[in-house]
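Participant: Chain by chain, the residues:
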Amino acid sequence: MVHFTAEEKAVITGLWGKVNVEETGGEAVGRLLVVYPWTQRFFDSFGNMSSPSAIMGNPKVKAHGKKVLTSFGDAVKNMDNLKGTFAKLSELHCDKLHVDPENFRLLGNMIVIILASHFGREFTPEVQAAWQKLVAGVATALAHKYH
Amino acid sequence: MVLAAADRAAVRALWKKLDGNVGVYTTEALERTFAAFPSTKIYFLHLDLNPGSAQVKAHGRKVADALTLAVDRLDDLPSALSALRELHTQRLRVDPVNFKLLGHCLLVTLARHYPGDFSPGLQASLDKFLSHVTSALAPQCR
Chain A
14 MVHFTAEEKA VITGLWGKVN VEETGGEAVG RLLVVYPWTQ RFFDSFGNMS SPSAIMGNPK
74 VKAHGKKVLT SFGDAVKNMD NLKGTFAKLS ELHCDKLHVD PENFRLLGNM IVIILASHFG
134 REFTPEVQAA WQKLVAGVAT ALAHKYH
Chain B
2 MVLAAADRAA VRALWKKLDG NVGVYTTEAL ERTFAAFPST KIYFLHLDLN PGSAQVKAHG
62 RKVADALTLA VDRLDDLPSA LSALRELHTQ RLRVDPVNFK LLGHCLLVTL ARHYPGDFSP
122 GLQASLDKFL SHVTSALAPQ CR
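Protein chains in written order, with this note's numbering: chain A, 14 to 160; chain B, 2 to 143.
In case anyone wonders, no lab produced these hints; they're calculated from the structure. All values derive from a computational prediction rather than experimental measurement. Hints are not guaranteed to be accurate.
In silico negatives: residues of chain A with every beta carbon more than 10 Å from chain B [stated by the list, open to error]:
1) Thr26
2) Arg44
3) Ala88
4) Val89
5) Asn116
6) Arg134
7) Gln141
In silico lysine-lysine, BS3-like type, Cα no more than 30 Å apart, as pairs [as the list claims (entries may be wrong)]:
8) A:Lys146 - B:Lys42
9) A:Lys96 - B:Lys18
10) B:Lys101 - A:Lys22
11) A:Lys101 - A:Lys73
12) B:Lys101 - A:Lys158
13) B:Lys42 - A:Lys75
14) A:Lys146 - B:Lys101
15) A:Lys73 - B:Lys129
16) A:Lys79 - B:Lys129
17) A:Lys73 - A:Lys158
18) A:Lys22 - A:Lys80
19) A:Lys31 - A:Lys75
20) B:Lys129 - A:Lys80
21) A:Lys96 - B:Lys101
22) B:Lys129 - A:Lys22
23) A:Lys75 - B:Lys101
24) B:Lys63 - A:Lys31
25) A:Lys158 - A:Lys22
Computed spacing ranges between beta-carbons, pair by pair [what the hints assert, rightly or not]:
26) B:Pro116 - A:Gly27: 15 to 25 Å
27) A:Pro50 - B:Gly117: 43 to 53 Å
28) A:Gly27 - B:Lys18: 29 to 39 Å
29) B:Asp77 - A:Asp108: 38 to 48 Å
30) B:Gln56 - A:Val34: 25 to 35 Å
Beta carbons are placed, not taken as given, at the ideal position from N, Cα and C, and that holds for glycine.
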């Protein structure tokens, strides 16, 4: 189980307070679908995903992004119990949707990249390190049902 | 496997914009890699890895030169990077996963410094370029 120091928690919650969940979520899922096109197979019902601009502008992509990043907010509030926090979502993603866990890591890294682009100078190597730990922890928690 | 024309154009255009500063960004990428993924430090125990280290900067310049060479020789990465492949696989025996980690940190660095340019399309092209470089440096078939 991943353990966060007090400094790491402070760094993560400090940045999270400034994140626009709706915008960042939409961007994260959108970029995932653009950069890793195979992920589109999980979102067949989303409609037009024929180009990067179609994907980034797709309202269903944005809505799903908001959902995804809102649940990341749960992770930020429950860093000491990621497994418990994501138990139901793990069941959904593993047992029902059959998502390859590698994709959780790809999305986590995508969130880190977007935070870097939004926060610039503030997103120091130390801040990135704390966030990498969180996204890795979430990816592991989501993949738990496969184990 | 060769990078598609649109991806090549995008990478070349970015490299032109980065101009002589590639070394600054690869050095930052290395610093980020060491901070976020501490296991990567095992390959550099002979270096001073403290922030601002001149030795890390020197290694950053080597990485920059290699990537710039790759950008110039997109038609034939395996041949262009053959000496580096031998160094990293035979002599240094670097676990290939580490190239992915450095590649990710380079994307983070570029997103941090060039947010306006870092469109989803450019990110996709860069991601493909870096995975081609990784394949040339650490091929799965041995």
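Participant: Does each hint fit the structure? Answer for all of them.
Facilitator: To see whether the hints hold, each was checked on the structure:
With a least beta-carbon separation of about 18 Å from chain B, Thr26 of chain A lies farther than 10 Å from that chain, consistent with its non-interface assignment. For Arg44 of chain A, the shortest C-beta to C-beta distance to chain B comes to about 5 Å, within the 10 Å cut-off, and the non-interface label is violated. No Cβ of chain B approaches the Cβ of Ala88 of chain A within 10 Å, the least distance being about 17 Å, so the stated non-interface status holds. With 10 Å as the threshold on Cβ separation, the claim that Val89 of chain A sits away from chain B holds: the shortest Cβ distance comes to roughly 18 Å.
With a minimum CB-CB distance of about 14 Å to chain B, Asn116 of chain A clears the 10 Å threshold, and the non-interface call stands. The claim that Arg134 of chain A lies off the interface is violated: its Cβ sits roughly 8 Å from the closest Cβ of chain B, which falls inside the 10 Å cut-off. The beta carbon of Gln141 of chain A is not kept farther than 10 Å from every beta carbon of chain B, the shortest such distance being approximately 5 Å. Restraint check for Lys146 of chain A and Lys42 of chain B: satisfied, since their Cα atoms lie roughly 17 Å apart, inside the 30 Å limit.
Taking the CA atoms of Lys96 of chain A and Lys18 of chain B, the gap is near 44 Å; set against the 30 Å cutoff, the hint is violated. Taken as a hint, the Lys101 of chain B and Lys22 of chain A pair is honoured in the structure, with Cα atoms around 26 Å apart against an allowance of 30 Å. A C-alpha spacing of about 22 Å is found between Lys101 of chain A and Lys73 of chain A, which places the hinted pair at or below 30 Å, so the restraint holds. Among the hinted pairs, Lys101 of chain B with Lys158 of chain A is consistent with the structure: their alpha-carbon atoms are about 26 Å apart, no more than 30 Å.
Annotation: proposed proximity of Lys42 of chain B to Lys75 of chain A is violated, straight-line Cα distance about 38 Å (limit 30 Å). Between Lys146 of chain A and Lys101 of chain B the CA atoms are separated by roughly 16 Å; this keeps the pair inside 30 Å, and the hint holds. The suggested pairing of Lys73 of chain A with Lys129 of chain B holds, with an alpha-carbon distance near 26 Å, which does not exceed 30 Å. Among the hinted pairs, Lys79 of chain A with Lys129 of chain B is consistent with the structure: their alpha-carbon atoms are about 27 Å apart, no more than 30 Å.
The straight-line distance between the Cα atoms of Lys73 of chain A and Lys158 of chain A is roughly 27 Å, inside the 30 Å bound, and the hint therefore holds. At roughly 22 Å between alpha-carbon atoms, Lys22 of chain A and Lys80 of chain A fall within 30 Å of each other, so this suggested pair holds. Between Lys31 of chain A and Lys75 of chain A the alpha-carbon distance is near 19 Å, which keeps this suggested pair within the 30 Å criterion. As the CA atoms of Lys129 of chain B and Lys80 of chain A are separated by approximately 28 Å, the hinted pair is consistent with the 30 Å bound.
The straight-line distance between the Cα atoms of Lys96 of chain A and Lys101 of chain B is roughly 26 Å, inside the 30 Å bound, and the hint therefore holds. Among the hinted pairs, Lys129 of chain B with Lys22 of chain A is inconsistent with the structure: their alpha-carbon atoms are about 33 Å apart, more than 30 Å. For the given pair, Lys75 of chain A sits about 28 Å from Lys101 of chain B by alpha-carbon distance, which is consistent with the 30 Å threshold. Between Lys63 of chain B and Lys31 of chain A the CA atoms are separated by roughly 37 Å; this puts the pair beyond 30 Å, and the hint is violated.
Note on Lys158 of chain A and Lys22 of chain A: the hinted pairing holds, with a Cα-Cα distance of about 26 Å set against a maximum of 30 Å. For the pair Pro116 of chain B and Gly27 of chain A, the supplied restraint of 15 to 25 Å holds, since their beta-carbon distance comes to about 20 Å. At roughly 24 Å, the beta-carbon separation of Pro50 of chain A and Gly117 of chain B lies outside the given 43 to 53 Å, and the hint is violated. Our hint of 29 to 39 Å for Gly27 of chain A and Lys18 of chain B holds, since their Cβ atoms are close to 32 Å apart.
Taking the beta carbon of each, Asp77 of chain B and Asp108 of chain A are about 46 Å apart, inside 38 to 48 Å as hinted. At about 41 Å, the CB distance of Gln56 of chain B to Val34 of chain A disagrees with the hint of 25 to 35 Å.
Of the numbered hints stated above, those contradicted by the structure are hints 2, 6, 7, 9, 13, 22, 24, 27, 30, listed in ascending order.
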